[in-house]
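Protein sequence lines correspond, in order, to chains A and B. All residue numbers for the first sequence refer to my numbering, where the first residue is 1 and numbers rise by one. All residue numbers for the second sequence refer to my numbering, where the first residue is 1 and numbers rise by one.
To be clear, the hints were calculated from the coordinates, so they are not data collected in a lab. On a predicted model such as this, the values are computed, not experimentally measured, just so you know. Do not rely on the hints blindly, as some may be mistaken.
[Said to hold, decoys possible] Which residues of chain B face chain A? A few of them, derived with a C-beta cut under 7 angstroms, are:
{"hint": "1", "residue": "A2"}
{"hint": "2", "residue": "T4"}
{"hint": "3", "residue": "V97"}
{"hint": "4", "residue": "G242"}
{"hint": "5", "residue": "S244"}
Cβ atoms here follow ideal geometry from the backbone N, Cα and C, with glycine treated the same way.
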Amino acid sequence: MSKIPLQFRHNGRDVAIFVDGGTNLLVALREMIGDMTPKFGCGQGGCGTCSVLIDGELHLSCLTLAETVGGRSIETLDGMKQGPHLHPLQRAFADHFAAQCGYCTPGMLMAAKALLDRNPSPSRDEVVEAISGNICRCTGYEPIINAILAAAGGRVSA
Amino acid sequence: MAVTVKTFASVSEAAGALSSDRSARYLGGGTLVMRALNEGDVAIATVIRAQDQALTRIDASGPRVTLGAGVTFARVLAERDLAFLHAPARSIGGPAVRNMGTVGGNLFAPSPYGDFTVALLALDATVAVAGGFGSRDIPIEEFLQARDRQAGTLVLSVSCTRPASSDAFRYRKIARIKPKGGSVITLAAHLPISGGRIAGARIALGSMAPTQIRARAAERALEGRSLDAATIAAAASAAAEGTSPSDNALGSAWYRREIVGVHLRRLLSGQE
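Just chain B, with the same shape it has in the complex (with noise of 0.2 angstroms):
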């Protein structure tokens, strides 16, 4: 079936096109809304598209970093500033799927996919919105619980506060196909230590629940500790906990749950 493509110049136009038509998406680098026309996806009756340039900018200048959500995964490596981000962008798709899949359309992809959204949702990033009255800013957090009905809304960027530290902010993505496959558990940990503790520890995980979330038991067990081996024990084994995963052809929702605390002791404990 034939669709309506609209494209505007700004994205305030874009928008508000999104937010006025239930059977509108929103195309970003095609990899979600090219493959469910593809698939021939009734629900989709019309794909808007923004040229607007403040949708591929990147500021990685400063202590807090934008980036556009149009900036794809091939931009963000090819951006020595953002040398914390390359190991999500790099575990996303091969060449082809990085130059074309964006940091925006991540956000709304589904599992097993979205695995840059781990990364920002550890990095307790905020998503800059466009709606029908204006735009706003959401944490990450939120945007994700409420992410089946953001169908209207349009990203514009995504931001977060640069880790103080390459050993600050450490990523995995567990998959069975190497160097490219999608994920059986993708974990992010942001760990700030002041005063020889750790204090506002983040710990996201993805593939252990219908969207991206906090390992919120696992990060009380590290909160105000400093990272030893007891510490560490206590957050993989109650990493597990608040998770619903899935069965899917990578894995089953019981062997997710029974590796997601060995993979966090991994990640925990700088084990290759």
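If we strip away everything but chain A, and leave its shape as in the complex, we get (with noise of 0.2 angstroms):
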């Protein structure tokens, strides 16, 4: 069977791939871009592991068929830091223990990144339902909240 080629813009850089018909976006990211930032976790959306930012609207990308993406701009965390330092987003995680495993944390990340791009001063409602669709099994929810809404306010260290 024939490869599809495929063109769109990770993290701000064109790149250009060959996929397999029926290739979900996150095998390309990760087999065949090197980014392995956007996680496998359920395979069928449930759990949100594999979220990504397209054309700044969040999805996920086990469930996004690669060659749907064509022209498009994909943004992972991979993308979030700014050269050496961490998005607020980040340091705030990092603060707040709002990672334990780490295993949610990419996507937690890039659904956190879509609420504060369309609404930089969430209430706390609002966060829990940004991120309702990604499940941790570590934290409990309340530390990765807390982050979210600590980004928000700024009140993060620098």
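Put the two chains together into one complex; each comes in its own frame, and the hints tell you how they fit.
This is the structure:
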């Protein structure tokens, strides 16, 4: 079966790859581009750890057919830090112990970024709603919610 | 196993390709078809897509509302004129699923999913489908009863009449996890009032049978009456009649039968 050529923007950089028919975006990002930040969790849309932004909108990369993102802009956690500096959300996650095993963290950060990009000062309920598609089995969510609120309020150490 | 992806510019070409290939599935938002592919479903050899703008159109200006099959729940929520559908749209998934999942795909979502379809069933929606022989409109109840045989039909849009008031249409999803979780039971009620009495009661239930169903006995208990305590009690006690729920991790069939009347009573009496 022939490969399908695919071009899109990955964290601000143009990339061109070949994918098999039916390949999902998560596999394309991890195995063909080498961006290991989005994780494989459930493959069913239940856990959220594969979350990425497509044209600024939160999507599950494991349920996205790779060839549907041609010409679009994909943001992953790999593109979040600015040079040597962590993104305020990443800093807040570290300061508030919002990552324990860390497997949900890439998805949590992308879901949080999707929220703050649209709503820079969300309420606690809005934060809970924004990460409601992301499962964490370690933290009990409270440190994650507090970290996102702290990042939104600018209460993050430099 | 690699699958063949075929992308078409128009729905008619996509419908033709879909109806002529038994191993083809139409890809909407991906939350059902990509999930099946990730699980290694070998029954799917071809994935069909259509980039027709008609599929993402929303017509919500008049009394009759039409949603293209490719309209996502996030878009429903962004549309002020669709306020009556915001509760069912919001009850689905987290933000990523609502950015992806579509109104048309939800018609195919197996129990315990398909909450939006419960709302559409209570609203007596019409499903426009394109098959090998052109397009036609099917009442949603008929569509759902034959859902197993609908894999070769392409849904174009769903339409329904806007409820007369916010009180006339009610929706509730019972889930164990808040704010997001699979449905234990999903309920929707459309209660048009004419001269103080209910005329054309529709009660739809999700997770109470293999597909979304109407609670006809409860509807009969409401029809032609005013929505008072005695009527509500009669409808609640008839709620489980004709249902065939199954056991799953969210609840047993027995539990669902026991509590469906409780939740219908709360829905009808406006309790939180």
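Run the structure past the numbered hints and jot down the numbers of the failing ones, going up.
4, 5
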